[in-house]
Amino acid sequence: EVQLVESGGGLVAPGGSLRISCAASGFIFSRYEMNWVRQAPGKGLEWISYISSSGSTEYYADSVKGRFTISRDSARNSLSLQMNTLRAEDTAVYYCARVKSGGLDFDYWGQGTLVTVSS
Amino acid sequence: QSVLTQPPSVSGAPGQRVTISCSGGSSNIGAGYDVHWYQLLPGTAPKLLIYDNTNRPSGVPDRFSGSKSGTSASLAITWLQADDEADYYCQAYDRSLSGWVFGGGTKLTVL
Chain A
1 EVQLVESGGG LVAPGGSLRI SCAASGFIFS RYEMNWVRQA PGKGLEWISY
51 ISSSGSTEYY ADSVKGRFTI SRDSARNSLS LQMNTLRAED TAVYYCARVK
101 SGGLDFDYWG QGTLVTVSS
Chain B
1 QSVLTQPPSV SGAPGQRVTI SCSGGSSNIG AGYDVHWYQL LPGTAPKLLI
51 YDNTNRPSGV PDRFSGSKSG TSASLAITWL QADDEADYYC QAYDRSLSGW
101 VFGGGTKLTV L
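Respectively, the protein sequence lines represent chains A and B. At position 41 of the first sequence (counting the first as 1) the number is 41 in this note's numbering, and the numbers step up by one without a gap. At position 7 of the second sequence (counting the first as 1) the number is 7 in this note's numbering, and the numbers step up by one without a gap.
Quick caveat, the hints were computed from the structure, so don't treat them as lab data. Warning: the hint list may mix true and false statements.
FRET-style restraints, in silico, Cβ to Cβ [what the hints assert, rightly or not]:
{"id": "1", "chain 1": "B", "residue 1": "44", "chain 2": "A", "residue 2": "23", "range": "12 to 22 angstroms"}
{"id": "2", "chain 1": "B", "residue 1": "63", "chain 2": "A", "residue 2": "66", "range": "28 to 38 angstroms"}
{"id": "3", "chain 1": "A", "residue 1": "111", "chain 2": "B", "residue 2": "57", "range": "16 to 26 angstroms"}
{"id": "4", "chain 1": "B", "residue 1": "30", "chain 2": "A", "residue 2": "52", "range": "19 to 29 angstroms"}
{"id": "5", "chain 1": "B", "residue 1": "13", "chain 2": "A", "residue 2": "58", "range": "18 to 28 angstroms"}
{"id": "6", "chain 1": "B", "residue 1": "32", "chain 2": "A", "residue 2": "13", "range": "38 to 48 angstroms"}
{"id": "7", "chain 1": "A", "residue 1": "28", "chain 2": "B", "residue 2": "79", "range": "32 to 42 angstroms"}
{"id": "8", "chain 1": "A", "residue 1": "13", "chain 2": "B", "residue 2": "76", "range": "42 to 52 angstroms"}
{"id": "9", "chain 1": "A", "residue 1": "52", "chain 2": "B", "residue 2": "16", "range": "20 to 30 angstroms"}
{"id": "10", "chain 1": "A", "residue 1": "16", "chain 2": "B", "residue 2": "96", "range": "48 to 58 angstroms"}
{"id": "11", "chain 1": "B", "residue 1": "95", "chain 2": "A", "residue 2": "118", "range": "28 to 38 angstroms"}
{"id": "12", "chain 1": "B", "residue 1": "42", "chain 2": "A", "residue 2": "1", "range": "16 to 26 angstroms"}
Derived DSBU-like pairs: lysine-lysine, alpha-carbon spacing no greater than 30 angstroms straight-line [what the hints assert, rightly or not]:
{"id": "13", "chain 1": "B", "residue 1": "107", "chain 2": "A", "residue 2": "100"}
{"id": "14", "chain 1": "A", "residue 1": "43", "chain 2": "A", "residue 2": "100"}
{"id": "15", "chain 1": "A", "residue 1": "100", "chain 2": "B", "residue 2": "47"}
{"id": "16", "chain 1": "A", "residue 1": "43", "chain 2": "B", "residue 2": "47"}
{"id": "17", "chain 1": "B", "residue 1": "47", "chain 2": "B", "residue 2": "107"}
{"id": "18", "chain 1": "B", "residue 1": "107", "chain 2": "A", "residue 2": "43"}
{"id": "19", "chain 1": "A", "residue 1": "100", "chain 2": "A", "residue 2": "65"}
{"id": "20", "chain 1": "A", "residue 1": "43", "chain 2": "A", "residue 2": "65"}
{"id": "21", "chain 1": "B", "residue 1": "47", "chain 2": "A", "residue 2": "65"}
Using N, Cα and C, we set each Cβ at its ideal position, and we do this for glycine too.
All chains, full assembly: derive it from the sequences and hints.
Laid out in structure tokens, this is it:
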């Protein structure tokens with residue numbers, strides 16, 4: 001069974017940093033492209049970052065470019081998002097999502113981890 | 001302001017049919033990229049409902065169907081049930097952003 005489990009969320013002060021992770025199981029992690037998507041309170045879904053299956057290619061939404069870094073560790077079946085210079089508007093539930101093989105849809109998602117940026 | 005435009009809310013009585021529209025532009029839906037739909041229930045992981053405009057993943061009832069034309073797409077839900085009450089999002093790849101865009105989401109209320 002495919003499972004994606006996020007962790008590492010919490011309360012952080014504005015300007016601070018946080019690293020969240022996504023543990024993958026039930027599939028060959030190294031063969032799949034992965035993404036981070038977030039949902040701010042009362043708002044819609046926002047795609048924020050992509051990483052290729054090899055880890056050699058990364059893309060970011062303008063809202064997080066230069067502040068967030070996506071990475072993956074295929075030996076540990078883990079996806080991470082390093083978030084720096086956090087702002088109040090980064091407060092959201094962060095989901096990891098798998099890109100379906102050969103497609104552009106996200107076929108599996110985790111349940112999310114809440115990141116709150118507040119003093 | 002989302003790149004893809006959806007109505008904020010729709011509603012229908014049990015057994016009725018509702019449709020949710022999704023309007024995009026020339027760099028996403030109009031560029032030929034497929035539209036995908038997701039269902040969000042509070043406290044649960046988002047669920048893929050329709051992929052590549054019209055296809056249902058295994059386990060999704062055939063009461064859910066999708067279509068695409070030009071720069072727009074639609075999700076139709078027939079024979080509405082109480083547990084269809086959720087938020088629905090459309091999604092497509094956008095070549096100008098080198099990433100994905102979502103609609104603002106539509107809240108379905110079953111009366």
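Go ahead and decide if the range 28 to 38 angstroms is satisfied by the Cβ distance of residue 63 of chain B to residue 66 of chain A.
-> Check failed, 44 angstroms falls outside 28 to 38 angstroms.
Distance restraint between residue 47 of chain B and residue 107 of chain B, which requires alpha-carbon spacing of 30 angstroms or less = Holds, at about 15 angstroms.
Satisfaction of the hinted span 18 to 28 angstroms by the C-beta atoms belonging to residue 13 of chain B and residue 58 of chain A = violated (47 angstroms)
Is it true that residue 111 of chain A and residue 57 of chain B lie within 16 to 26 angstroms of each other by Cβ?
-> holds (18 angstroms)
Given pair status - residue 47 of chain B, residue 43 of chain A, alpha carbons within 30 angstroms = Measuring from Cα to Cα gives roughly 17 angstroms; hence the hint holds.
For the pair residue 42 of chain B and residue 1 of chain A, does the Cβ-Cβ distance stay inside 16 to 26 angstroms?
-> The hint (16 to 26 angstroms, Cβ to Cβ) holds, given that residue 42 of chain B and residue 1 of chain A are roughly 23 angstroms apart.
Distance restraint hint 28 to 38 angstroms, applied to the beta-carbon atoms of residue 95 of chain B and residue 118 of chain A | holds (36 angstroms)
When you take the CB atoms of residue 32 of chain B and residue 13 of chain A, is the distance between them in 38 to 48 angstroms?
-> Between residue 32 of chain B and residue 13 of chain A, where Cβ atoms are some 44 angstroms apart, the hint holds.
Sort out whether residue 65 of chain A lies within 30 angstroms of residue 47 of chain B, counting only the CA atoms.
-> Distance ~27 angstroms between residue 47 of chain B and residue 65 of chain A Cα, so the pair holds.
For the pair supplied as a hint, residue 43 of chain A and residue 100 of chain A, confirm whether the alpha-carbon distance does not exceed 30 angstroms.
-> holds (25 angstroms)
Holds or violated: are the alpha carbons of residue 43 of chain A and residue 65 of chain A at most 30 angstroms from each other?
-> With Cα atoms ~20 angstroms apart, residue 43 of chain A and residue 65 of chain A stay inside 30 angstroms; holds.
With respect to the beta-carbon atoms only, verify the hint that residue 44 of chain B and residue 23 of chain A lie 12 to 22 angstroms apart.
-> Because 18 angstroms falls inside the window, the suggested range holds.
Hints 2, 5, 9 and 10 from the earlier list are contradicted by this structure; the remaining hints agree with it.
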